[in-house]
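Asks: Put together the whole structure using the sequences plus the hints.
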Amino acid sequence: MALLRSVWSLFQPAPNRGVLLAAIVLAAIISVAILYALHRTLGPRGRRWLIALVTFLAGLFFGLEFFWPVKGDPAKNFLTDWIEPVSTMIAIIGAFTVGLGIYSLCQVHGRNVAQRRPGWHNSLTFFAAMLAMLVFGLWEHYLHLPQPLPEVVPWPKGIYEILFNGLFAPLQAATFSLLAFYIASAAYRAFRIRTAEAGLMMAAAFIVMLGQVPFGAWLTSSIPVDAGWAFFRLEVLGEWVMRWLNMPAQRGIVFGVAIGALAMSLRIWLSLERGTFFTEQS
Amino acid sequence: MGSLEHANWFMRIAFFAMSAIIVGSVILAQRGRAMFIRRIPGLTAIEDAVGRATEMGRPILFSPGLDGINIVTLQALAILTYIIKLAAAQATRVIVAIRSPTVYPVAEESTREAYDAAGRPELYRPEDVRFISDEQFAYGLGTVGVMAREHVATNFLFGGFYAESLILTENGRALGAVQVAGCPDPTQIPFFIATCDYVVIGDEYYAASAYLTREPTLTGSLVGQDIVKAILIALAAVGIGLTTALGPGHFLTVWLGGGG
Numbered sequence: 001m002a003l004l005r006s007v008w009s010l011f012q013p014a015p016n017r018g019v020l021l022a023a024i025v026l027a028a029i030i031s032v033a034i035l036y037a038l039h040r041t042l043g044p045r046g047r048r049w050l051i052a053l054v055t056f057l058a059g060l061f062f063g064l065e066f067f068w069p070v071k072g073d074p075a076k077n078f079l080t081d082w083i084e085p086v087s088t089m090i091a092i093i094g095a096f097t098v099g100l101g102i103y104s105l106c107q108v109h110g111r112n113v114a115q116r117r118p119g120w121h122n123s124l125t126f127f128a129a130m131l132a133m134l135v136f137g138l139w140e141h142y143l144h145l146p147q148p149l150p151e152v153v154p155w156p157k158g159i160y161e162i163l164f165n166g167l168f169a170p171l172q173a174a175t176f177s178l179l180a181f182y183i184a185s186a187a188y189r190a191f192r193i194r195t196a197e198a199g200l201m202m203a204a205a206f207i208v209m210l211g212q213v214p215f216g217a218w219l220t221s222s223i224p225v226d227a228g229w230a231f232f233r234l235e236v237l238g239e240w241v242m243r244w245l246n247m248p249a250q251r252g253i254v255f256g257v258a259i260g261a262l263a264m265s266l267r268i269w270l271s272l273e274r275g276t277f278f279t280e281q282s
Numbered sequence: 001m002g003s004l005e006h007a008n009w010f011m012r013i014a015f016f017a018m019s020a021i022i023v024g025s026v027i028l029a030q031r032g033r034a035m036f037i038r039r040i041p042g043l044t045a046i047e048d049a050v051g052r053a054t055e056m057g058r059p060i061l062f063s064p065g066l067d068g069i070n071i072v073t074l075q076a077l078a079i080l081t082y083i084i085k086l087a088a089a090q091a092t093r094v095i096v097a098i099r100s101p102t103v104y105p106v107a108e109e110s111t112r113e114a115y116d117a118a119g120r121p122e123l124y125r126p127e128d129v130r131f132i133s134d135e136q137f138a139y140g141l142g143t144v145g146v147m148a149r150e151h152v153a154t155n156f157l158f159g160g161f162y163a164e165s166l167i168l169t170e171n172g173r174a175l176g177a178v179q180v181a182g183c184p185d186p187t188q189i190p191f192f193i194a195t196c197d198y199v200v201i202g203d204e205y206y207a208a209s210a211y212l213t214r215e216p217t218l219t220g221s222l223v224g225q226d227i228v229k230a231i232l233i234a235l236a237a238v239g240i241g242l243t244t245a246l247g248p249g250h251f252l253t254v255w256l257g258g259g260g
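Note that the protein sequences, when read in sequence, are chains W and P.
Position 1, counted from 1, in the first sequence is what the numbering used here calls 1; the numbers after and before it change by one each time, with no gaps.
Position 75, counted from 1, in the second sequence is what the numbering used here calls 75; the numbers after and before it change by one each time, with no gaps.
Mixed in with the good hints there might be a few duds.
Output of the computed footprint for chain P on chain W, the stretches with three or more beta carbons under 8 angstroms from beta carbons of chain P [to be verified]:
id : segment
1  : 175 to 184
2  : 187 to 197
Partial selection, computed: residues in chain P whose CB lies under 7 angstroms from chain W [claimed, not checked]:
id : residue
3  : His6
4  : Ser19
5  : Ile71
6  : Gln75
7  : Glu127
8  : Arg130
9  : Leu166
10 : Pro186
11 : Gly202
12 : Gln225
13 : Lys229
Think of the hints as simulated: they come from the structure by calculation, not from any bench.
Glycine included, every Cβ here is placed at the ideal spot set by N, Cα and C.
Replies: Pasting the structure below:
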């Protein structure tokens with residue numbers, strides 16, 4: 001009975017319920033229903049206008065909040081208080097799509113198992129792993145709630161520990177560690193001196209890498225730190241390459257990317273980009 | 001409060017001025033003004049890479065990266081749409097490997113629409129738009145698994161990539177696939193340059209849809225952003241000159257900081 005009561009308590013409304021909350025939920029449901037009905041009944045042209053209008057209004061909200069003058073401490077304008085609820089709403093809509101992702105996985109792996117395709121046992125392992133993590137992950141989660149479910153049996157926590165900390169986390173770490181080998185093989189190919197550019201890259205990499213390790217500092221340690229030619233100490237030269245050659249180049253790229261992102265945002269906000277995505281430009 | 005920071009006066013003026021230049025350039029292009037775009041090898045290579053997959057009779061893999069729905073991913077999906085139209089014309093299969101559940105329905109819809117637009121709706125297979133995993137390395141290894149099992153001839157990697165980029169491209173290279181990548185993040189570009197056949201660098205990434213489709217709206221936007229870039233470079237040059245002559249704290253730095 002205690003277990004059932006605890007489960008039932010998870011589905012009770014939030015404590016700050018009230019008329020306003022009910023009105024907001026009702027308004028949201030009605031708005032979604034109206035939008036859905038319009039989307040289904042309008043023709044292609046009307047549907048395009050509807051999508052453009054919703055996109056414009058959504059972008060306008062965040063744009064106005066950012067650009068409208070602010071007052072007070074903390075600085076805010078008439079839209080600032082709505083940023084958090086709207087962001088939460090977007091996160092909730094995004095969470096719905098996780099179900100679609102799981103559906104896609106089940107579709108692909110279910111077909112593999114049903115048709116006994118090569119490697120079908122891997123797909124079967126996927127279902128077993130997903131089910132195990134789902135059951136024991138949720139179980140573990142509910143044991144840590146402010147009003148946790150009673151710990152009827154002791155082993156779900158142990159199994160979750162094995163699955164997550166004993167299996168999943170080490171697998172992630174092992175994959176990450178593979179990068180060291182991939183970096184070595186990629187660097188070997190990139191640093192082979194076949195062109196003038198590859199030679200320059202090799203020289204720069206040589207200076208920067210040696211500048212980072214004690215051996216590099218030792219190689220040029222005969223140059224006094226306060227001498228006029230101290231610039232040629234490898235750790236100083238490496239730092240100079242990073243700060244005065246690498247950083248401006250990186251900032252130049254970021255600069256161009258930011259303007260490109262602005263242009264793309266404007267095209268999407270004003271629905272100028274739609275020719276590329278969903279319908280041919282008229 | 002959890003809200004964004006707010007704009008100062010310089011940001012307001014700069015944003016509206018830059019937007020006006022870009023939108024103005026779009027309007028000019030729509031009215032028929034001819035606009036020049038230089039050749040971008042990484043984007044020109046897309047057509048050859050699709051052709052190679054067709055000749056080999058093997059599929060293409062497209063990854064829109066790790067990010068959720070944002071500007072970077074939307075640009076990746078625009079490139080995906082173009083690639084599918086090209087591939088559909090040659091009846092070549094395109095497999096899309098998805099990491100973010102929020103991207104999945106959008107990618108599915110754009111893929112289906114792209115096959116429709118190419119006049120080959122029968123080639124669309126729902127299982128070819130695959131959600132792999134929302135865990136970074138599980139996604140990396142899962143996508144490599146798809147490359148190996150499906151014997152892909154070409155890998156297109158456009159979007160936001162992080163530490164898994166090297167796992168994808170080194171394995172893709174070992175499998176003999178032609179690889180074309182594009183990422184706006186400067187920290188990942190070196191990895192792609194070291195491992196891919198063609199790389200789209202920096203703001204070339206955002207030039208892709210204009211370059212590939214040559215639609216007036218997109219071309220105008222691209223030229224508009226180049227004008228904005230030229231103005232900002234000029235402003236930076238003036239700033240360097242003033243700072244060299246007057247030292248820091250002159251009127252331009254005060255103005256750029258939103259004060260004064």
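Asks: Does each hint fit the structure? Answer for all of them.
Replies: Hints versus structure:
1. 175 to 184: holds (count 6)
2. 187 to 197: holds (count 3)
3. His6: Since chain W brings a Cβ to about 5 angstroms from His6 (chain P), closer than 7 angstroms, the hint holds.
4. Ser19: holds, 6 angstroms
5. Ile71: With a minimum Cβ separation of about 5 angstroms from chain W (threshold 7 angstroms), the hint on Ile71 (chain P) holds.
6. Gln75: holds, 6 angstroms
7. Glu127: OK, holds: Glu127 (chain P) within 7 angstroms of chain W, min 5 angstroms.
8. Arg130: holds, 6 angstroms
9. Leu166: Nearest chain W Cβ about 4 angstroms off; hint holds.
10. Pro186: holds, 5 angstroms
11. Gly202: Holds, about 4 angstroms.
12. Gln225: Check passed: Cβ of Gln225 (chain P) comes within 4 angstroms of chain W, closer than 7 angstroms.
13. Lys229: holds, 5 angstroms
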